[in-house]
Structures are given as C-alpha cells and as structure tokens.
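**Student:** So the chains spell out like this:
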Amino acid sequence: DAMVIQNPRYQVTQFGKPVTLSCSQTLNHNVMYWYQQKSSQAPKLLFHYYDKDFNNEADTPDNFQSRRPNTSFCFLDIRSPGLGDAAMYLCATSGEPYNEQFFGPGTRLTVL
Amino acid sequence: DAKTTQPNSMESNEEEPVHLPCNHSTISGTDYIHWYRQLPSQGPEYVIHGLTSNVNNRMASLAIAEDRKSSTLILHRATLRDAAVYYCILGRMDSNYQLIWGAGTKLIIKP
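Quick mapping for you: the protein sequence lines, in order, are chains A and B. Per our numbering, the very first residue in the first sequence carries number 1; after that it's consecutive. Per our numbering, the very first residue in the second sequence carries number 1; after that it's consecutive.
Keep in mind that the hints are not guaranteed to be accurate.
Unchecked claim - Below, a list of computed lysine-lysine pairs in the DSSO-like style, where the Cα atoms sit at most 30 Å apart: (1) K3/B / K106/B; (2) K17/A / K106/B; (3) K17/A / K52/A; (4) K38/A / K52/A; (5) K52/A / K106/B; (6) K17/A / K44/A; (7) K110/B / K52/A; (8) K110/B / K17/A; (9) K3/B / K69/B; (10) K38/A / K110/B; (11) K3/B / K38/A; (12) K17/A / K38/A; (13) K69/B / K52/A; (14) K106/B / K69/B.
To be verified - Facing chain A, from chain B, some residues (calculated, C-beta under 10 Å): (15) S12; (16) H34; (17) V85.
Stated by the list, open to error - Covered stretches of chain B, going by a simulated chain A footprint (3 or more residues, C-beta under 8 Å): (18) 16-26; (19) 38-50; (20) 73-80.
If you're looking for bench data, these hints aren't it; they were derived computationally from the structure. Predicted, not measured: the structure shown is a model, and the values here were computed from it. Every residue, glycine too, gets a C-beta built ideally from N, C-alpha and C.
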C-alpha cells in the first residue's frame, strides 16, 4: 500500500543533543510537510517542501531545519532540542498544496 | 485573522447520526472548508472538504451555510471507530495553500 512512513515512532534525546527525524513516502507526491503537535493541541505547520522549494512558516524557530534529498524522503533536524520541543512530529504529503494531505503515524519526541 | 471555532467535545450514541458544528465567521470568499479527523495515536486523516455547496462522500456529509460562516460535518451512523478528534480547517490560497486549523472537537461515542 502507498503510504507515509515515519521513523522512528519514538525518539528520546537529551537536552541540546541534535536529533533527526525521518519521513518517507511511496505516493510520489510533490509536497511534503512537517507539523509539530503538542498534547491536546492541533498540529502546527513548521515548514513544507513543494518539490525542491522550501517554505518556512514565519514563526518556526531557527532551531528547526529540514532537508529533502529526493522526492521520497524528507528529514526534520532539531539542532539543539529544548524541553519545550517535546512533542509529536507529523509528516504529511500531498500531490499539490490544495489537495488532500496524507499523514504518517508521527514520531513522539521526548527530551530529557 | 481567519479562524474556526468548534466545541471542545461532543458525545453521541453508537449507530446514531452525529452533527459536528464549526463556526468560521471570518472566512473569505475563496477559502475552502476542510475536515480532518485524528484517531488516538494516529496521524490525522482527511474526511471531506467543500467550498459553497454541500458535499457527500463515503465517510460523511458536509453542510455549508448559505453565508458560509458556519458548517456542519455529519456522520450518518456513528460507530465506535468514529471516536476521534475532528478538526475544522480553512484552506486559504496565499502564496502557498495554507491550512488554518481549528482546535478540534473530541467526539465520544457511547455503546
């Protein structure tokens, strides 16, 4: 089945230690998104790629970076995680920006 | 700023219809109305979307008020598997297509 895959499902890191979350898709979609979701809140868009074009949300901290080396993969790098960065990180894809988004299961990040 | 307002939670009985309301009084003429739901421990999934006319699909129906300042997601016959958080979202075409998420309604289904 075509899908959006996130690895790992659970990630534990230490305060200030860089961490990378990964997302892959078999849908061949143009757009890939990264969302942050904290407990009992709606997902918050961090940034997205339309093909190779990177689009950062205005209020996304500089601590968050992303890479998309090819159509299938997208990475979220957190350079110096703080306690406030503990959250669920969701990857999503869509064919075009106005199309339905397909979400992965998320990676739950714990910062010790 | 465009935003949506939803009740925090709703309860319904299994096998009965559910009407989930959403207010979006600041909607602009070209904003789409989307609904996604998020089951426990899963990523959100698309439910339905519309612009002006009512919409039906295999999952649900979307009823949009004539002035577009509110909409209602209708689950025709709720099952226990429909227990989830339902998000009402505005889709806005700026330089990029932007989804403006509401806070969501937690739907509880009673057997």
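**Student:** If you test the structure against every hint from before, which numbers come out violated?
**Tutor:** 2, 5, 7, 8, 13, 15, 18 and 20
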